[in-house]
Amino acid sequence: MDGHMNVDPVGEDAAWTRAKARARSQRDFYGHLTVYCAVSVLLVVIDLAGGSQGTTLLGLDWAFWPIGGWGLGVFLQGVRAFGFHTNWEDRKATELYEKERERQPRPH
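Numbering (this note's numbering), first residue to last: 1403 to 1510.
None of these hints come from the bench; they were simulated from the model. Predicted model only: the values in this text are computed from it and were never measured. Every residue gets a Cβ at the ideal spot worked out from N, C-alpha and C, and that includes glycine. Keep in mind that the hints are not guaranteed to be accurate.
[Stated by the list, open to error] FRET-style restraints, in silico, Cβ to Cβ:
#, residue 1, residue 2, range
1, W1472, R1503, 28 to 34 angstroms
2, R1503, L1444, 53 to 59 angstroms
3, T1419, A1440, 30 to 36 angstroms
4, R1420, G1461, 40 to 46 angstroms
5, W1467, R1503, 37 to 43 angstroms
6, L1498, D1430, 25 to 31 angstroms
7, V1437, D1492, 46 to 52 angstroms
8, A1451, D1430, 28 to 34 angstroms
9, T1419, E1500, 14 to 20 angstroms
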């Protein structure tokens, strides 16, 4: 056997492919979160060392804005990676697959 499996669009192989993609997505999220935290700390240190006037949240001048914007992106990536969303595309593909199977003539 050459290590390749036939993929059934709605069977175990498709589920395995989705599971692997989700695991990869979660791994990528953790990497992104780690970089985000490290860079955020660096931005806060730079902002505070620059003689902060404390004009925005938490006494920061400018670091709050990139941390907040990037944080929103990290949050949304986490939502997607951990499945706190509806998987509309998979459900729709399964629905369309079933309709196509119903249209095919059945052998007697």
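Going through the hints against the structure:
1. W1472 with R1503: 28 to 34 angstroms: 45 angstroms, violated
2. R1503 with L1444: 53 to 59 angstroms: 55 angstroms, holds
3. T1419 with A1440: 30 to 36 angstroms: 32 angstroms Cβ-Cβ, so the 30 to 36 angstroms window holds.
4. R1420 with G1461: 40 to 46 angstroms: Distance hint for R1420, G1461 holds at roughly 45 angstroms.
5. W1467 with R1503: 37 to 43 angstroms: 52 angstroms, violated
6. L1498 with D1430: 25 to 31 angstroms: Hint holds: Cβ distance 28 angstroms, inside 25 to 31 angstroms.
7. V1437 with D1492: 46 to 52 angstroms: 29 angstroms, violated
8. A1451 with D1430: 28 to 34 angstroms: The hint (28 to 34 angstroms, Cβ to Cβ) holds, given that A1451 and D1430 are roughly 32 angstroms apart.
9. T1419 with E1500: 14 to 20 angstroms: Check passed, 19 angstroms falls within 14 to 20 angstroms.
The structure does not agree with the numbered hints 1, 5, 7 stated previously, though it agrees with the rest.
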